[in-house]
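Asks: For reference, the chains in residue letters:
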Amino acid sequence: MFYYEKKLQYPVRVSTCNPMLAKFLIEQYGGADGELAAALRYMNQRYTIPDKVIGLLNDIAMEEFSHLEMIATMVYKLTKDATPEMMKAAGLGDHYADHDKALYYHNAAGVPWTATYIQAKGDPIADLYEDIAAEEKARATYQWLIDMSDDPDINDSLRFLREREVVHSLRFREAVEILKEDQGKKKFY
Amino acid sequence: MFSQFKYWKPFIGPFDPCKPIKVKSYSTPPHLYIGFQPPGMKQFSPKDALMHGTLWPQLYSPYPDPNKGVKKD
Chain A
1 MFYYEKKLQY PVRVSTCNPM LAKFLIEQYG GADGELAAAL RYMNQRYTIP DKVIGLLNDI
61 AMEEFSHLEM IATMVYKLTK DATPEMMKAA GLGDHYADHD KALYYHNAAG VPWTATYIQA
121 KGDPIADLYE DIAAEEKARA TYQWLIDMSD DPDINDSLRF LREREVVHSL RFREAVEILK
181 EDQGKKKFY
Chain B
1001 MFSQFKYWKP FIGPFDPCKP IKVKSYSTPP HLYIGFQPPG MKQFSPKDAL MHGTLWPQLY
1061 SPYPDPNKGV KKD
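Line by line, the protein sequences are chains A and B.
Residue numbering for the first sequence follows the numbering used here, beginning at 1 and increasing consecutively.
Residue numbering for the second sequence follows the numbering used here, beginning at 1001 and increasing consecutively.
Among the hints, a few may not be true.
[What the hints assert, rightly or not] Straight-line C-alpha distance at most 27 Å; calculated DSS-like pairs for lysine-lysine: (1) K101(A) with K80(A); (2) K1042(B) with K101(A); (3) K1071(B) with K80(A); (4) K80(A) with K1019(B).
The set of hints was computed from the structure by calculation and includes no laboratory data.
Since this is a predicted model, take the numbers as computed values, not measurements.
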């Protein structure tokens, strides 16, 4: 069951009218390493992961949904007042032809989201290693987005999101350490 | 109530980056309101029907709105 809090996890301000940025940001909305893939991956893997780390996957899945909302807010703010001409000029003509100005779960190249982006192997180490990889890939994506954006307010939100990927990655690595059951053991080399 | 287009005023945020579009619209074409087409509806002349894509004026749906931006009454 969900309780919905009607606010964003971190504020999203957009200071420049640059619809082209929306075309790139959508990578984190419906891309392979985007927030939707992350949220659904963890929320599904949590069922069959050992009890000790279920809570971690659950909580991170919830946070990824909050990030999904932030990305959606950025994309919406950048495109909601764009005319069809502005959409075309921003490279969003293909998007407009299929979706008007509606958001859609596809990547920056327009490829629709697919469940094949995520995996649930049942093997806890395999699943957690995938999760770590996903966080690092999302972190990299945020870096490339920040590199391309010159909107200081958007970049502020993107830097927050990138930092969360760093934290999540460490938490998944810690989950692996927990499952290894190798802590506090005396090690002889 | 039947009209070919509906207009609505979206929320405009105080910090929106782009010049706001103050009025947005969507299409509500005539077939939504006909239910089951009754017999004997008024018809276009054959030539006009070809040009309009329908035999019945009541089913004709222009796009974009030819009256866009024109204030009603």
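Asks: State for each hint whether it applies.
Replies: Hint by hint, here is what the structure shows:
1. K101(A) with K80(A): This hinted pair holds, its Cα atoms lying about 7 Å apart.
2. K1042(B) with K101(A): Distance ~37 Å between K1042(B) and K101(A) Cα, so the pair is violated.
3. K1071(B) with K80(A): holds, 24 Å
4. K80(A) with K1019(B): holds, 10 Å
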